[in-house]
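Engineer: As a plain string of letters, each chain reads:
Protein chains: 2
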Amino acid sequence: MENVTGYKCIQCGSEFNLDDIEYVCKKCSGNLQITYDYQFIKKNLKKSNFAESSDYSIWRYKDLLPVEDLSLKPVVHIGWTPLYKADKLGDHLGLKNLYIKDDGRNPSGSLKDRPGAIAVVKALERGEEAITCASTGNAASSLACLTAALGLKTIIFVPASAPVAKIAQLLVFGALVITVKDSYDDAFDLSIKATEKYGWYSRNSGFNSYTREGKKTCSYEICEQLGWECPDKVFVPVGDGNLISGMWKGFVDLYEIGFIDHLPQLISCQAENMDAINRAFKSDGVIRPVKGETIADSISISCPHDGDAALKAIKESGGFAISVSDEEIVHAIPELARETSVFGEPSGVAPFAALLRAIRTNKIKDDEKIVILMSGNGLKDIDSAMKSVKDPLTTSPDIKELEKIVSNGLV
Amino acid sequence: MENVTGYKCIQCGSEFNLDDIEYVCKKCSGNLQITYDYQFIKKNLKKSNFAESSDYSIWRYKDLLPVEDLSLKPVVHIGWTPLYKADKLGDHLGLKNLYIKDDGRNPSGSLKDRPGAIAVVKALERGEEAITCASTGNAASSLACLTAALGLKTIIFVPASAPVAKIAQLLVFGALVITVKDSYDDAFDLSIKATEKYGWYSRNSGFNSYTREGKKTCSYEICEQLGWECPDKVFVPVGDGNLISGMWKGFVDLYEIGFIDHLPQLISCQAENMDAINRAFKSDGVIRPVKGETIADSISISCPHDGDAALKAIKESGGFAISVSDEEIVHAIPELARETSVFGEPSGVAPFAALLRAIRTNKIKDDEKIVILMSGNGLKDIDSAMKSVKDPLTTSPDIKELEKIVSNGLV
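These protein sequences, in sequence, are chains A and C. Residues 1 to 411 in my numbering are what the first sequence lists, from first letter to last. Residues 1 to 411 in my numbering are what the second sequence lists, from first letter to last.
Just so you know, the hints here were simulated from the structure itself, not pulled from any lab data. Mixed in with the good hints there might be a few duds.
A pair holds if it fits inside one copy or across any two, identical chains being indistinguishable in the list.
List of simulated lysine to any residue pairs, SDA-like, C-alpha gap at most 20 angstroms [to be verified]:
(1) K387 with V164
(2) K197 with P397
(3) K181 with P392
(4) K26 with E196
(5) K197 with E403
(6) K85 with D367
(7) K153 with K404
(8) K62 with Y198
(9) K62 with G258
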């Protein structure tokens with residue numbers, strides 16, 4: 001991989017060769033960032049390469065990815081999800097340049113297929129026979145999806161409370177699923193112990209540095225889909241912090257190779273009961289575990305494993321943090337769907353709920369180019385969706401009964 | 001629309017101008033087929049047009065579609081779903097050229113976004129203020145999705161038994177949802193009466209002839225994705241018959257304009273308790289209502305409203321009919337997912353179950369180019385998916401408890 005130079009620790013700044021290390025920093029156990037030779041990439045990669053490329057998937061960005069053997073990629077089509085200009089919603093909110101990135105259109109229904117794909121290629125490049133991850137649900141159901149057709153043994157640790165649709169995906173795709181009593185945080189800890197004990201390759205976010213490299217492809221797509229323009233603000237759902245730091249990495253990569261002329265502000269959108277990163281950002285910058293519950297299961301994380309990288313991303317981007325209530329999240333599901341035709345799961349619509357709060361608190365200018373990142377398909381959590389709507393009307397097949405409904409003004 | 005010449009009745013063969021008629025044949029009440037001026041299209045449309053097109057959606061085929069004003073199209077991205085070569089599955093089945101078309105990747109999670117899109121454009125071209133449809137679930141949830149961001153009033157009739165995920169989609173997208181006691185067939189009849197009484201534009205399959213025109217885009221994509229080659233056999237899920245007749249129309253269109261050099265055999269895949277079309281095909285060609293139940297709700301239709309067109313498609317293509325049991329369908333969900341990474345709802349995997357039966361009964365040659373059409377995302381029916389799998393394992397966060405699981409050979 002001529003494009004990659006090595007690792008740099010996010011916490012202590014130590015640098016390492018790729019061969020030196022498996023997961024976290026040898027010196028301080030901090031998370032690592034993959035570093036690139038931007039001069040080398042700049043020489044070989046022009047915008048015209050993309051105009052000529054017919055590969056509309058994350059792999060169109062292979063020159064910016066830490067992978068060697070693309071023949072090992074998962075068989076399903078990942079990425080190049082739609083970026084919609086949300087004109088109806090923008091009109092209602094008084095915003096002229098509002099966009100929504102619908103990452104629920106990925107194969108397993110969430111953005112997690114991006115990081116999963118990179119981790120799977122790395123596992124196969126290393127000749128691993130088994131891959132494992134702990135997950136609130138989406139990272140796991142993605143991994144199970146991606147590995148199914150490849151025949152890579154997959155062991156999943158999820159909290160027993162994960163939505164049934166995500167558990168169903170895991171089981172249907174044939175992963176070995178182990179539900180862990182209590183929380184995601186417990187599942188995470190157990191999966192790390194299992195990786196140490198059994199040698200399974202860990203795809204855990206906030207531990208395996210390659211996941212961030214998959215997530216950053218979402219930023220590449222946003223800029224390319226805007227005609228290589230960078231948005232002014234991006235609203236990102238934040239749980240363990242790996243997504244927002246990955247998104248930031250993507251924008252920085254493009255800036256460093258001269259594809260965009262400025263960087264965006266990243267808005268960290270958390271659920272107010274589970275917002276360890278936002279609390280740290282707003283106070284002394286020290287991440288402390290929080291105790292709470294939220295309907296947004298995908299960002300329900302007490303102790304964020306990539307918190308430091310996330311804080312760095314928010315700060316370096318000049319962004320800010322917004323925490324939203326479960327009530328705001330539940331309302332946001334139909335509101336977003338009815339304005340944009342995009343149906344999101346609770347964590348997926350949290351950035352939209354955060355945008356509404358940002359507008360109410362005058363943090364948005366009407367001509368800014370704003371992207372809401374919608375990270376997960378609403379079909380993944382039907383129970384939560386049903387909390388957001390009223391029951392349907394009911395009739396017998398008799399037109400007279402329908403006439404009563406119509407004449408009562410209900411239709 | 002210079003490409004369109006008018007309507008032709010599937011039943012009595014009468015021809016009409018587009019302005020003469022709204023829905024069904026004036027003479028015999030049969031369903032209509034849109035007819036095209038293939039010579040005109042041939043003159044203007046070359047394969048090179050597609051090589052140069054950057055519109056990877058159903059609208060890339062606008063020269064073959066009966067729409068005038070593309071500015072009215074739904075905002076979400078429809079079509080150009082992946083066609084995967086299913087090598088792992090093909091190896092296991094002894095088939096060298098097996099493909100799966102994953103139409104669960106459409107915006108609302110099913111193929112129904114294709115016909116819905118055409119119907120929505122026609123409704124808006126006509127200046128309609130309300131659109132309605134009866135549906136087993138997918139056509140409705142698609143219509144609700146597509147109209148949401150357009151602000152077109154949408155009234156939906158579904159059987160009360162529709163899977164909760166589909167009901168949730170309808171409500172979240174803000175359609176007016178009326179559940180009709182008893183069956184889809186009752187919902188269909190009531191919606192037709194409502195169209196007559198209130199003048200709402202009807203998107204009903206097997207009534208509105210434009211739905212077939214959306215469904216045919218799936219055939220265009222299959223051929224283009226195969227490098228403008230036509231498959232030998234296509235396994236199609238069949239409920240009311242509108243999909244298989246639409247698929248046939250698509251292949252015939254391409255054949256008529258010289259884009260493909262032969263036509264495929266279409267295999268009609270129904271649930272054995274609800275297989276009125278297959279029974280007619282295997283006997284005297286007369287469609288009679290059946291009474292039964294099936295887990296495959298999207299193809300659970302007692303009295304198929306486009307049955308004649310479907311029979312014509314099976315016969316003209318030299319195809320055949322396979323009905324599969326609910327047990328085969330349930331088994332097919334994880335079997336397909338584990339071999340191809342594609343998770344389908346029951347009706348979506350019915351064609352795969354039918355392929356397995358076709359292999360067992362020696363109806364398949366190992367070098368044929370075979371496409372399985374997977375029409376709906378598995379996330380749309382989690383209850384059925386859960387019937388197909390075993391419960392997950394469970395542990396406390398204690399590695400010793402995990403060790404017991406591992407040493408028992410369960411992992």
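Engineer: Does each hint fit the structure? Answer for all of them.
Structural biologist: Against the structure, the hints come out as follows:
1. Proximity of K387 to V164 under the C-alpha cut-off of 20 angstroms is found in both arrangements, the shortest distances being 16 angstroms within a copy and 12 angstroms between copies.
2. Taking the closest pair of Cα atoms, K197 and P397 come within 20 angstroms of each other only across two copies (14 angstroms); inside a single copy the shortest separation is 62 angstroms, beyond that limit.
3. Taking identical chains as interchangeable, the C-alpha atoms of K181 and P392 lie at most 20 angstroms apart only when they sit on different chains, with a minimum of 12 angstroms there against 36 angstroms within one chain.
4. Taking the closest pair of Cα atoms, K26 and E196 come within 20 angstroms of each other only inside a single copy of the chain (15 angstroms); across copies the shortest separation is 74 angstroms, beyond that limit.
5. For a Cα distance limit of 20 angstroms, the shortest separation of K197 from E403 across copies, 9 angstroms, qualifies, whereas the shortest one inside one copy, 68 angstroms, does not.
6. In this assembly of identical chains, the alpha carbons of K85 and D367 lie at most 20 angstroms apart only when taken from the same copy (13 angstroms versus 45 angstroms across copies).
7. For the identical chains of this complex, K153 and K404 are inter-copy neighbours only, at 19 angstroms across copies versus 58 angstroms inside a copy, given an alpha-carbon limit of 20 angstroms.
8. Taking the shortest Cα distances, K62 and Y198 never come within 20 angstroms of each other, neither inside one copy (31 angstroms) nor across copies (55 angstroms).
9. Taking the closest pair of Cα atoms, K62 and G258 come within 20 angstroms of each other only inside a single copy of the chain (17 angstroms); across copies the shortest separation is 37 angstroms, beyond that limit.
Consistency with the previously given hints fails for number 8 only.
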